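Asker: This is what each chain is made of:
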Amino acid sequence: MGLLEHKVCLVTGAGRGIGAETVRKFAEEGAAVYGTARTEGTLDARFAELAGQYHTPVVPLYFDVTDEAAAKRAVMQIRKEQGRLDVLVNNAGIMQDNVIGMIGYDLMRAVFDVNVFAVISMTQLAVKLMGRQGSGSVINLSSIVGLDGAAGQAVYSASKGAVAALTKAASKELSPKGIRVNAVAPGLIDTDLLRVIGEKRIEENLSHVRMGRLGRPEDVAGVITFLASDMSGYVTGKIIGVDGDFQV
Amino acid sequence: MTNQEKYNKAFMTALEITEGQLSGLKYQEIEAWDSVGHMGLVAALEDAFDIMMDTDDIIDLSSYEKGMEILSREEYGIVF
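Going down the list, the protein sequences come from chains A and B.
Read the first sequence against our numbering and you will find it ends at 248, with the numbers running on by one and no gaps.
Read the second sequence against our numbering and you will find it ends at 80, with the numbers running on by one and no gaps.
Isolated chain A, as found in the complex (with noise of 0.2 Å):
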């Protein structure tokens, strides 16, 4: 038996890295999995495929994590189609920055947009179906940056410092729910948006990663599975970080 059969899980950000990683590996054990993108069409081929592997539902859903009646939608269906919802990742995310003194208001508002408020949103349309359940695991997607900062990544450090934050605020409100929840915080994944910052910078940065290499998305999901089954039942409130011994 899977470590999530019975569950059903939502994932942001779906289409590849980590979330289409840990969409896999929800369904390989055994849940019922929704995953978002924003592009239309884009996760169908990959989901049937799952679906088809691991003998259970995985399902696409297409919108923008900022569009809060399109998440509201989705959720509706979810309710609709299973009756409950018991995991939820956030793990849609962008990486844009810029140096000190060259930040826009336009990228602090799409980066935050995006990784901070679109992730409260979500989470107050998941809480409303783990509510009633009694039930559920919230999961986000912080960063070892985010907690220890990085020169040039100010608005995204922040970002996902705001994630940390905000994952320890909503688990003291949630526990006596029983809903719990916590935050990865991953360190350099191979994953497309590592690469935004190029490989030099990369390579500058494994040398302080004391395994000596790169994470992989499996690394990352291991862990979010980890946190959506009942094997992490009592924990809640957590930041885990999941980055070799990277030192920033």
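Because the hints were derived from the structure by calculation, they are not lab data.
Some clues are possibly wrong.
Straight-line alpha carbon distances no greater than 27 Å define the calculated DSSO-like cross-link-like pairs of lysine-lysine that follow [what the hints assert, rightly or not]:
| id | chain 1 | residue 1 | chain 2 | residue 2 |
| --- | --- | --- | --- | --- |
| 1 | A | K177 | B | K6 |
| 2 | B | K6 | A | K80 |
| 3 | B | K26 | B | K66 |
| 4 | A | K177 | B | K26 |
| 5 | A | K238 | A | K172 |
It should be emphasised that the depicted structure is a prediction, and the values quoted were computed from it without experimental measurement.
Given the coordinates of chain A, assemble chain B onto it according to the supplied hints.
Answerer: Below, chain B alone, put in the same frame as chain A:
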């Protein structure tokens, strides 16, 4: 059960009040309708009418009468 009866029942059940207390009732006017009671009331209304209320409408739900006004809007389409 009519929509009015469903609406009243949601209030009475969530806030543990009688039908006689409904008319004119305002948010935070009684102990049971505090912020925690408010979320319970919203859940009761959502269950009763199989809807999901917008955050702005949840914030705006300031009285028994205001709730009917909100739910009567096209988005929810509930006729009282």
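Asker: Give a verdict on every hint.
Answerer: Hint check:
| no. | hint | in the structure |
| --- | --- | --- |
| 1 | A:K177 - B:K6 | 25 Å, holds |
| 2 | B:K6 - A:K80 | 20 Å, holds |
| 3 | B:K26 - B:K66 | 9 Å, holds |
| 4 | A:K177 - B:K26 | 26 Å, holds |
| 5 | A:K238 - A:K172 | 11 Å, holds |
The structure fails none of the hints (numbered hints given earlier).
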